[in-house]
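Use these hints to put chain B onto chain A, whose structure you have.
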Amino acid sequence: MEFIQKKTMDRAVEYFLPKASEMEISLTWDRFEGQLPECGFCETGLSCRDCLQGPCISHPFRDSNKAGICGKERETLATQSLLRLVLKGTMVYLDRLSEFAKEMESRQWRPKNKPRTDQMLKTIQSFFYDGGMVKKELPKNWIRPWEEAKIFPEGMVRDLFRASQKLEGGFAENEETLLWIFKSSLLALISERLYGELKRSAMGITTPTWIEVNLGVLDTQKPNLLLYGYLSPLLKQKVAQEAQKESIQVLCVGTYPLIPSFSFPTVTNYGSQEIPLMTGAVDLIVASDQGVNPSIMEIAKAYEVPIFSVDDLKRSKDLGHLAKEIIGEVKKSHEFRKRFPRDIPPIKESAVIGFSKDKILWKKILKALDQGQIRGVAFLFGSGNVKFSQDHEITTFAKEFLRNDILCLSKGESSIALAKYGFLNPKSREEFCGKGVLEFLKGVGEEVPSVIDVDEVEFIDFILEKPKEEKKAFPMVACFPEANRSSEVVEAIAMVALGINTYFWPALPITGSQKAMEALTTFCQKKLGSSFYIPMEKKMEARSKATMVLKALTGQEGYGISGKPWR
Amino acid sequence: MVDKNKCTGCHQCELWCGTEIASVSKELYQAIHETPQPVPRVFVEGKNFALQCRHCEEAPCLEACPNGTMRRDPETGLVYVYEPTCIACWMCVMACPFGIITPSSTLKVAIKCDRCRNMGYPICAEVCPTQAIRLEERKDYRTKAF
Chain A
1 MEFIQKKTMD RAVEYFLPKA SEMEISLTWD RFEGQLPECG FCETGLSCRD CLQGPCISHP
61 FRDSNKAGIC GKERETLATQ SLLRLVLKGT MVYLDRLSEF AKEMESRQWR PKNKPRTDQM
121 LKTIQSFFYD GGMVKKELPK NWIRPWEEAK IFPEGMVRDL FRASQKLEGG FAENEETLLW
181 IFKSSLLALI SERLYGELKR SAMGITTPTW IEVNLGVLDT QKPNLLLYGY LSPLLKQKVA
241 QEAQKESIQV LCVGTYPLIP SFSFPTVTNY GSQEIPLMTG AVDLIVASDQ GVNPSIMEIA
301 KAYEVPIFSV DDLKRSKDLG HLAKEIIGEV KKSHEFRKRF PRDIPPIKES AVIGFSKDKI
361 LWKKILKALD QGQIRGVAFL FGSGNVKFSQ DHEITTFAKE FLRNDILCLS KGESSIALAK
421 YGFLNPKSRE EFCGKGVLEF LKGVGEEVPS VIDVDEVEFI DFILEKPKEE KKAFPMVACF
481 PEANRSSEVV EAIAMVALGI NTYFWPALPI TGSQKAMEAL TTFCQKKLGS SFYIPMEKKM
541 EARSKATMVL KALTGQEGYG ISGKPWR
Chain B
568 MVDKNKCTGC HQCELWCGTE IASVSKELYQ AIHETPQPVP RVFVEGKNFA LQCRHCEEAP
628 CLEACPNGTM RRDPETGLVY VYEPTCIACW MCVMACPFGI ITPSSTLKVA IKCDRCRNMG
688 YPICAEVCPT QAIRLEERKD YRTKAF
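Respectively, the protein sequence lines represent chains A and B.
The numbering of the first sequence is this note's numbering, which starts it at 1 and goes up by one.
The numbering of the second sequence is this note's numbering, which starts it at 568 and goes up by one.
Some hints here could point you the wrong way.
[As the list claims (entries may be wrong)] Below 25 Å or equal to it, Euclidean Cα-Cα: the simulated DSS-like pairs (lysine-lysine) are:
(1) Lys593/B x Lys387/A
(2) Lys675/B x Lys66/A
(3) Lys593/B x Lys515/A
(4) Lys593/B x Lys66/A
(5) Lys593/B x Lys6/A
(6) Lys593/B x Lys538/A
(7) Lys593/B x Lys545/A
By construction, these hints were calculated from the structure, which means they are not laboratory data.
Pulled out of the complex, with its shape left as it was, chain A reads as follows (with noise of 0.2 Å):
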């Protein structure tokens, strides 16, 4: 049971906090207080509902009720729970790898590079199938360790339809399962891949942009759009394209701010997305289904903003006309909302975004690796979770890593959280960077930021480049201190899978089995040679926890990476 009391980090956040409260406005921090304490069974992946005899759970303080009615035992329950978890955060990445590569085939859009465009579509077709195409497509030295563990997926279509079936019953060892898991997870790397590879061919690439962050971005005149979740990208171009003729800003949340020749201003991040309602400023919200909370609607209606999703099977698949009728509904709804206040805080911070992975070179990592002017090299991952103040996580591991000489990457929206606090500023590298750091970052580029964002089509790219024989004595490692959504617990296996040390917050639903948590951290280190730490102190101050991970990663002392056990 928690209850935290600091809300947010954000000061424009918690500008409207005492005004949510005022109207009666339920946040998320209110309903998150209102669920407590929350399942505990759920919480450590003890329960199953997968039939209609349950709901069933594993009581660990008796002696009685430890299986569940088909006689699922404590191992299998938490397993399944995790595979429960991963199976759903794949179909997040295979939706967004189908519904675009649809998009392309329908030619609503002319590809900048055709050839590759139609390879990568036949590509991505045989993915779904057999998978036969997509080992060309990666580097043969990744294949070869997965295809020895067992878990390259052989097509999607077979790997989803028998991982989902471990669900349904049978005598999977706890060993069976966890294979499943992560070759679903590799499903979800690799149509992620395949989505960049596509993005790339059909629209090009982006150059490291200037973008505004946080409210303070809200205009007080012109009309606002907000582009809410997951979007597809030609959809977003073609909307700022309408829109730009129209003088009405683009802005978003939860979505890529980046797209070939457009920048969007983003307004905030996942754990605040319903406060850009607040301010009043906000004429239209045009919102998918991933990464929105429903939240919003209720707020919406409060502040008579429409919402228009896109996700609707009754609208038109043709996505300039969508475009259009986008706009149309933004002039409309701005006519009509004049006379609302607009409460916008000046609050904004400037970053620069969308590094691509050849001005990030491996080889100028290593050399200064070499020379001893870094020390080692930090993913941060991760949406915001409720359980912690919004981005004090997330910003402690940054200043904790950046001021030890570690080098700080990161993506989507965990570099939007960053960005709000002036890790992507350039300006203020001063401020956060050690020495080391600092002086490759100057070696780099003049505009390259403390915590270097990378393209969300790019990321993958880089990992895959890294040198593999380096693996070993490479002090690389994969937090997710404020982690969320099931795709992100993909994103972390998947990290595991390429061979990096990876810690993740809050606890999963593994946690429930000593076996089960056993049989991962032994899979994970005899197959691929690294960790997967999902600690489980609830009470760890942030500080700690990175030094934690700091203290692992430059190899004086710790756990997970100096291969100790979790507990």
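Only chain B this time, still in chain A's reference frame:
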């Protein structure tokens, strides 16, 4: 008070009692793996009834205890086990009409609910999602019951 119409048999009271009261670590993730296994002081009986010590006015366990291990707090009237003197004779276990005293063969003490007398508010009532378990003063209890 336990309202059997509201109890869904979710076992949350048992889980959190086991964690907050019975475990050494007081953290769910660690309590689950503790040896000996923590023993909750509350039982979910059958499908929907959470049962804990009733702290009877005329408590048979107090009468049965041969060496004064079972005691009543003079201020609150709550019945509790003074563990250092328990000789594990299990007389209280046999005498309890509700069967809520657990003989712990590992710890060699009788384990029972003391209504979280050191915590101010019982954990089972705090965590109950449907508020089937509530702590409230019922002065009219006897008149209504009889």
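Structure-based check of all given hints:
A hinted pair counts as satisfied when its Cα atoms are at most 25 Å apart, and lysine 593/B with lysine 387/A qualifies at roughly 18 Å. A threshold of 25 Å between alpha carbons decides the hint, and for lysine 675/B with lysine 66/A the separation of about 24 Å falls inside it, so the pair holds. Proximity of lysine 593/B to lysine 515/A is assessed by CA-CA distance (about 21 Å); at most 25 Å being required, the pair is judged to hold. Only pairs whose Cα atoms come within 25 Å are accepted, and lysine 593/B paired with lysine 66/A is accepted, the gap being roughly 21 Å.
Our distance criterion of 25 Å between C-alpha atoms is met by lysine 593/B and lysine 6/A, whose separation comes to about 23 Å. For the suggested pair lysine 593/B and lysine 538/A, the alpha carbons sit about 10 Å apart, so the restraint of at most 25 Å is met. Annotation: proposed proximity of lysine 593/B to lysine 545/A holds, straight-line Cα distance about 20 Å (limit 25 Å).
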